[in-house]
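J.: Working from the sequences, and respecting the hints, build out all of it.
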Amino acid sequence: MDSALATSEALLLARAQFGLNISFHILFPALTIALAWVLVFFRARHLRTGDSAWLEAYRLWAKVFALSFAMGVVSGVVMSFQFGTNWPGFMNRVGNIAGPLLAFEVLTAFFLEATFLGVMLFGMNRVPGWAHLASTVLVAAGTTLSAFWILALNSWMQTPAGHVPAPDGQIVAGDWWAVIFNPSFPYRFTHMMLASALTAAFFLAGLSAWRLLKAASDALALRTLRVGVAIAAVAAPLQAVVGDLHGLNTLEHQPAKIAAMEAIWESGRGVPLVLFALPNEAERRNDYAISIPKGASWILRHEADAELKGLDAFGAEAPPVAPVFIAFRVMVGMGALMIALAWYGAWRLRAGALPPRWLLWAFAGFTFSGWIATLAGWMVTEIGRQPWLVTGILRTAEAAGPISGAQLGASLTGYALTYAVLLASYLVVLTHLAGKGAGAAATAAAARGASA
Amino acid sequence: MTLDLPLVFAALMGAAVLAYVVLDGYDLGVGMLMPAASESEQDVMVASIGPFWDANETWLVLGVGLLLVAFPAAHGLVLTALYLPVTVMLVGLMLRGVAFELRVKAEGWHRELWNWLFWFGSFVTAAAQGLMLAAYITGFAPGAGYFLFGLIVAGGVCGGYVLLGATWLIWRTEGALRDKAVGWTRWGLAWVALGIALVSVATPLASATVRGKWFDFPRTLGLMLLPLACAAIWLWIWRLTTRLRRGGAVRDWQPFAGAVAIYALAFAGLAYSLFPYVVMDRMTIWQAAAHPSSLKVVLAAALLVLPFIIGYTAYSYRVFRGKARAGLYH
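Those protein sequence lines, which keep their order, are chains A and Y.
Each residue of the first sequence is one higher than the one before, starting from 1 at the first, in this note's numbering.
Each residue of the second sequence is one higher than the one before, starting from 453 at the first, in this note's numbering.
Hint data in this document are derived by calculation from the structure and do not stem from the laboratory.
From a predicted model like this one, the values you see are computed outputs, not experimental measurements.
Ideal placement from N, C-alpha and C gives every residue a C-beta, glycine not left out.
Misleading hints may appear alongside valid ones.
Okay, the calculated beta carbon distance ranges per label pair [said to hold, decoys possible]:
#1 Y/LEU758 with A/PRO128: 55 to 61 Å
#2 A/THR431 with Y/PRO744: 49 to 55 Å
#3 Y/TYR598 with A/ALA44: 54 to 60 Å
#4 Y/LEU677 with A/ALA406: 45 to 51 Å
#5 A/LEU423 with Y/ALA642: 40 to 46 Å
#6 Y/LYS775 with A/LEU248: 55 to 61 Å
#7 Y/GLY597 with A/PRO128: 58 to 64 Å
#8 A/SER52 with Y/ALA716: 32 to 38 Å
#9 A/ALA44 with Y/ARG770: 23 to 29 Å
#10 A/ASP175 with Y/GLN739: 25 to 31 Å
#11 A/GLY169 with Y/LYS748: 19 to 25 Å
T.: Rendered as C-alpha cells:
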C-alpha cells in the first residue's frame with residue numbers, strides 16, 4: 001500500500017516536472033522557428049533594396065532571437081536528459097523508434113543551427129552579405145528541421161504507425177517512412193508551423209506597438225508592426241482551417257481525445273456542442289452547460305444526426321476531461337481573437353499611417369497571445385493522449401523510473417526556481433529592448449564597440 | 453565479416469564525448485576564469501567563445517543521444533543513477549547559457565548578477581561532470597569513500613577545463629589578458645598534474661576491475677606509454693609558458709593543442725579502463741545494444757551527415773580565426 005502510494009506520487013511528480021520543463025521549453029522554439037524566417041526576410045530585403053532600416057530591424061530582432069534561442073537551447077538540453085531520467089521505460093520499450101528520430105534531429109538540425117547562429121550573430125562584418133544571408137537561412141532551416149523530427153516523434157506517439165514488435169517485447173521500425181509520416185504528422189506539423197508564425201507575428205507586432213506607444217515617431221517600429229500584422233492576418237485564418245482538419249484527423253485516430261475536448265460523456269446521435277461548462281468527472285456530466293443542439297455531430301461529422309462516441313465508450317482508457325476541455329476552449333478562443341485583431345489591424349494599417357493608441361495597446365496586450373494558444377494546444381494534445389504515453393503501446397505509468405519522490409521533489413523545486421528566474425529576466429530584457437527601439441540599441445552597441 | 457555495430461557505436465559515442473569535453477571544456481574553463489579578469493577583459497573572454505559555445509554544447513546532446521540510440525538499456529540505468537549530479541549540471545548549463553545573452557543585455561545590478569552566474573554556472577557544470585565521471589567509473593557504488601573519490605575527480609575535471617580555457621585565451625587574445633592567461637595556464641598545469649595523479653592512484657583503489665586491467669604484467673609496461681606521453685606533453689606546455697614569459701616566439705595555438713593532447717590521452721586511459729562495459733561491471737556494450745535495424749539507420753545518417761558537420765564547423769572556426777575583440781556582438 002505504502003509503496004503503491006509512493007509510486008503514484010513519484011509518477012505525479014515525474015509528470016509535473018516533465019510537464020513544467022516541456023511547457024517552458026516550447027515557448028522558445030514556438031517563437032524562434034518563425035522568427036528565424038522573419039530575420040531571413042529582413043536580411044534579404046536589406047540586401048535587395050539597400051535600405052538600412054531593414055538592417056536595423058534585423059539587428060534588433062536578432063537580439064530577441066538570440067536571447068530566445070539560448071533559452072530554448074538550455075531547456076532543450078535538459079529535456080534530452082529527462083527522457084532518460086524521468087521515463088526510462090519509454091526508451092526501453094520504444095527506444096528503437098524514438099532514439100533514431102532524436103538522433104536525426106541532433107545530427108541534421110542542432111549542429112546546423114548552433115554553428116551558423118555563431119556566424120549569424122557575430123559574423124556580419126567578417127563574411128560577405130550573401131554568406132551572412134545564407135547563414136541566416138541555414139539557422140532558419142535548422143529550426144524548422146528540428147521541429148520536423150521532434151513532431152514526427154510526438155505524432156508517432158499519438159498515432160503510431162510503421163512499427164513491428166520484436167521477439168523481446170521491444171518495438172522496432174518496420175517502415176521508417178510510415179513511422180515518420182504517421183497519420184497525424186502532416187496535420188500536427190502544419191498546425192505547429194502556423195502556431196509559430198502566429199507567435200512570432202504577434203511578438204513582432206506587440207513589441208513594435210509597445211515601442212510606438214513610447215515613441216510614435218519611430219518609423220522602423222511602424223514598419224515591423226506592419227510586417228507582424230501582415231503575417232498574422234494571413235496565418236490566423238489559415239490556422240483555423242488547419243486546426244479543423246487536425247481535429248477531424250484526431251476524431252479518426254484518437255476519438256477518446258475528441259470526446260474529452262468536447263466533454264461528450266455518452267455516445268449517441270445528434271450530440272450537442274458544449275460551448276461552456278464545468279465538466280464534473282465524479283458525476284460524469286457537465287455542470288452549468290451552454291450547448292448548441294446537435295452542434296458537435298454537425299461540426300465533427302458535418303451531419304446533424306451523425307453518431308459520435310462518448311467517453312463511456314472508452315472506460316478507463318479515456319483522458320481526464322476538465323483540463324482537455326478547458327485548454328481546448330482557451331486555444332480556440334484565443335485563435336478567434338487573434339483573427340479578429342489581425343484583420344482589423346491589417347485594415348487600419350493598410351495605408352501605412354500610425355494606428356490609434358487603443359489599437360497599439362491591443363497589439364501590445366496580445367504580444368504573448370501565441371504562447372497562450374500554443375501552450376493550451378499542447379495541453380489538449382498531450383493530456384488528451386493519457387493514459388497512454390504511446391497510444392495503445394505504452395502507458396505513462398509504465399514508463400516512469402525508480403527515482404524517489406524526494407529526489408524528484410527537490411529537483412522539481414530547483415527547476416521551478418531556475419525557470420522563474422530565467423523567465424523573469426527574459427521578460428525584463430525583452431521589454432527593455434523593445435522600449436529602447438532599434439536606433440538606441442544600435443547607438444549603444446557602437447559606443448560599446450568604440451570604447452573597447 | 454559483419455560489422456560489429458555496438459563496437460562502432462561505442463567508438464562514435466566516445467568520439468562525441470571527447471569532442472564535447474575538449475570543446476565545451478575550453479569555454480567552461482574560460483567561464484571559470486572570469487573572476488580573475490577585469491571587466492573589459494571579461495568582455496573579450498566572452499567574445500572569444502561567443503560564436504562557438506552553442507555548437508560545443510551540442511556534442512553533449514549528441515553523446516547522450518548516441519547513448520540513448522545505441523544502448524537504450526544503459527541509458528535509463530545511467531541517467532537514473534546519475535539523477536542528482538545530472539540535474540545540478542543542467543541547472544549550471546542553463547544559467548551559463550542564458551548568461552551569455554543576459555550579461556550583455558541586462559543593466560545595473562542585473563548585469564553583475566549574470567556575470568556572477570556565468571562563472572557559477574560554468575563551475576557547477578564542471579564539478580557536476582566530475583562527480584558523474586567518478587560515479588560512472590566506480591559503477592555507481594554508494595558510500596562516503598566514493599563521494600570523496602568523486603570530489604577528487606571533480607577537482608581534476610575543473611583543473612583540466614581551466615587549463616583548456618587558459619590555453620584557449622593564449623591562442624585567442626592578446627596583450628595583458630594573454631599575459632595573464634600564461635599565468636593561469638601554469639596554475640591549470642599544476643592543478644591537472646595533481647588531479648591526474650590523484651585520479652590515477654584513486655581509480656585502481658576504487659575499482660577492482662580497473663586495477664586488474666592496469667596491473668597485469670607485462671601489459672603494464674606497454675600501458676605505461678600513456679602516462680609517459682602525458683608527462684612529456686605536460687613538460688612541453690610548461691616550457692612553452694616559460695618561453696612566453698620571456699617574450700620568446702611561440703605559436704599561439706601550441707599550448708592549446710598540448711592541452712587537447714593531454715585530454716585525448718587521459719580519455720584513452722579512461723576508455724581502456726571501462727571497455728567493454730557501458731555500465732561498469734554490470735552491462736557490456738553488446739548486452740546494452742539496441743536492435744540492429746535502428747543502429748543501421750542511425751549509422752547511415754551519421755556517416756552521411758558528420759562530414760557536413762565537420763565541414764561547417766571548420767568554416768565557422770575559419771570565419772572567427774584570429775584574436776577576439778570585445779564589442780563584436782552583432
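J.: Each hint should be assessed against the structure and marked as holding or not.
T.: Results of checking the hints against the structure:
Checked against the given bound of 55 to 61 Å, the beta carbons of Y/LEU758 and A/PRO128, roughly 27 Å apart, lie outside it. Taking 49 to 55 Å as the suggested C-beta distance range, the pair A/THR431 and Y/PRO744 conforms, at roughly 53 Å. The supplied range of 54 to 60 Å is met by Y/TYR598 and A/ALA44, whose beta-carbon atoms lie about 57 Å from each other. Distance hint check for Y/LEU677 and A/ALA406: the Cβ-Cβ separation is about 47 Å, which falls inside the suggested range of 45 to 51 Å.
Evaluation of the 40 to 46 Å hint for A/LEU423 and Y/ALA642 yields a pass: the beta carbon distance comes to about 42 Å. The supplied range of 55 to 61 Å is met by Y/LYS775 and A/LEU248, whose beta-carbon atoms lie about 60 Å from each other. Between Y/GLY597 and A/PRO128 the Cβ separation comes to about 59 Å, which falls inside the hinted range of 58 to 64 Å. Remark: the range hint 32 to 38 Å for A/SER52 to Y/ALA716 is contradicted by a beta-carbon distance near 48 Å.
Judged by the Cβ atoms, the range 23 to 29 Å given for A/ALA44 and Y/ARG770 holds: they are separated by roughly 24 Å. Checked against the given bound of 25 to 31 Å, the beta carbons of A/ASP175 and Y/GLN739, roughly 28 Å apart, stay inside it. With their beta carbons about 21 Å apart, A/GLY169 and Y/LYS748 fall inside the hinted range of 19 to 25 Å.
When held up to the earlier numbered hints, the structure conflicts with 1, 8 and fits the remainder.
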